[in-house]
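Student: Residue numbers (my numbering), protein chains in the order written: chain W, 16 to 149; chain G, 16 to 149; chain Z, 16 to 149; chain V, 16 to 149.
Since the hints were derived computationally from the structure, they do not count as laboratory data.
The list treats identical chains as interchangeable, and a pair is accepted whether it falls inside one copy or across any two copies.
Mimicking DSS-like on lysine-lysine, the simulated pairs with C-alpha atoms at most 27 Å apart in a straight line are:
hint, residue 1, residue 2
1, Lys142, Lys99
2, Lys99, Lys141
3, Lys141, Lys19
4, Lys108, Lys44
5, Lys141, Lys23
6, Lys142, Lys23
7, Lys108, Lys23
8, Lys19, Lys108
9, Lys99, Lys23
10, Lys141, Lys44
11, Lys142, Lys44
Each chain, letter by letter, is given below.
Protein chains: 4
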Amino acid sequence: MTIKEFFKRDRFAVLIGAELIETGEGYAKARMLVEERHLNGGDICQGGALFTLADLAYAAAVNSHGTLTFSITSNITYVRSARKGEWIYAEAKEVVNHHSVPFCEVRLTNEVGDLIATFTGSAYRKKNIQLDLD
Amino acid sequence: MTIKEFFKRDRFAVLIGAELIETGEGYAKARMLVEERHLNGGDICQGGALFTLADLAYAAAVNSHGTLTFSITSNITYVRSARKGEWIYAEAKEVVNHHSVPFCEVRLTNEVGDLIATFTGSAYRKKNIQLDLD
Amino acid sequence: MTIKEFFKRDRFAVLIGAELIETGEGYAKARMLVEERHLNGGDICQGGALFTLADLAYAAAVNSHGTLTFSITSNITYVRSARKGEWIYAEAKEVVNHHSVPFCEVRLTNEVGDLIATFTGSAYRKKNIQLDLD
Amino acid sequence: MTIKEFFKRDRFAVLIGAELIETGEGYAKARMLVEERHLNGGDICQGGALFTLADLAYAAAVNSHGTLTFSITSNITYVRSARKGEWIYAEAKEVVNHHSVPFCEVRLTNEVGDLIATFTGSAYRKKNIQLDLD
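Okay, chain W solo, but in the shape it has when bound:
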């Protein structure tokens, strides 16, 4: 199973239309098209939709080494509104591949490269649980 296949089992990411488009060691990129269903009361993309997109890329990056890795805590800072019709990209880089508590940064941008949000997260590796990755 590849890491992309593993994350197809993430039903919430599938529900909201977030998908992984690139993966590597300590790296992942995901995207989502902002649609009517992602909007909040102010007609911009809801923070939770952006968070979920970032979290998908983050989870793929920190799990890429094959050890099951859970999120401990994450932070998102909003920079610019994401609007209906925009593709949003989330690029995750595992800054620290620590054996127990890795740290990963994610940048969210739109198609023209404007920064939409930044996301950081610390995670915890379950050393005794290996993912069945290729």
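Here the structure of chain W is known, so what remains is to put chains G, Z and V in place on it, guided by the hints.
Tutor: Here is chains G, Z and V on its own, set in the frame of chain W:
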């Protein structure tokens, strides 16, 4: 329009089944039933679903005074897995009702009161935009 | 050795005048008198001084069970300026006494109970290193 | 007055030996030599000392445009211990020069470029208070 009616326009919260059940000045409570569609690859509730539930309660609390208030940055820390079939509650309290940058804490618990996650956020009031609240 | 004695070895906390005044299981309280030397360019208490005070209480709370516990990540949100001549108190409560990654909240208040800042932190227990506590 | 001169008034940064070595528009670099006085009970540099170093660079970066800018909330994630005798460098880049709520990232590294900690912060500009900068 009540604050609950205003947040019915939050299409993303509606999509994922998060709903406000209580509101007040600087206060809000929301809930969500964890279903198959909220699960991640590890068969527990995806972090983005919990984040969105918390964010709904948070947004209702910080917007309760009638001035449009945007999120600047939010943090979520996961304490315990939320599983399919559990109702999760998010209770938001605006700790600081600042004229420009309020601060709000949200606690997520399950039906028996176990802490699932904590969420904090700083927001920014758009002083010139008033919500049409009752 | 008590936890208070252990933290007397924290030379940085001693340098800035932060001291533990109460300790317990998953709990600690520290205080600091804001003096000229703690001020920033704007003549209010520097954020790093408040952070250090909070961090002392936090470290005492998460280390109170006798297993060496390191900070992974911490967040501080400033609510109100602390001024020269004020005593600031930091009260830390370990919300989650997890075997690996505990979570702790700290509230900073002044003498009259005004909230000055809030601090949260996630930490990591080094299971194989026990502190020599009474 | 230059921004460096302005920050010489930061008595807490002076107390702990943190000093600005480079400044620019939305940019600053600071350094500190880890000495006995910066150590915690575990004989490594206390988190509050690293936080203060980062905060100095951060404050210089977000105040570099001449409008007084206060910190709202900051996050620090520790990656590697800083030890006695090491010079630690904090490099701050204002990622978002927003008119009200800028966002800034700081990386802390040692002399050989190892990442020690990362720091992010959101701040608030007091539009009616201008610093008297050259």
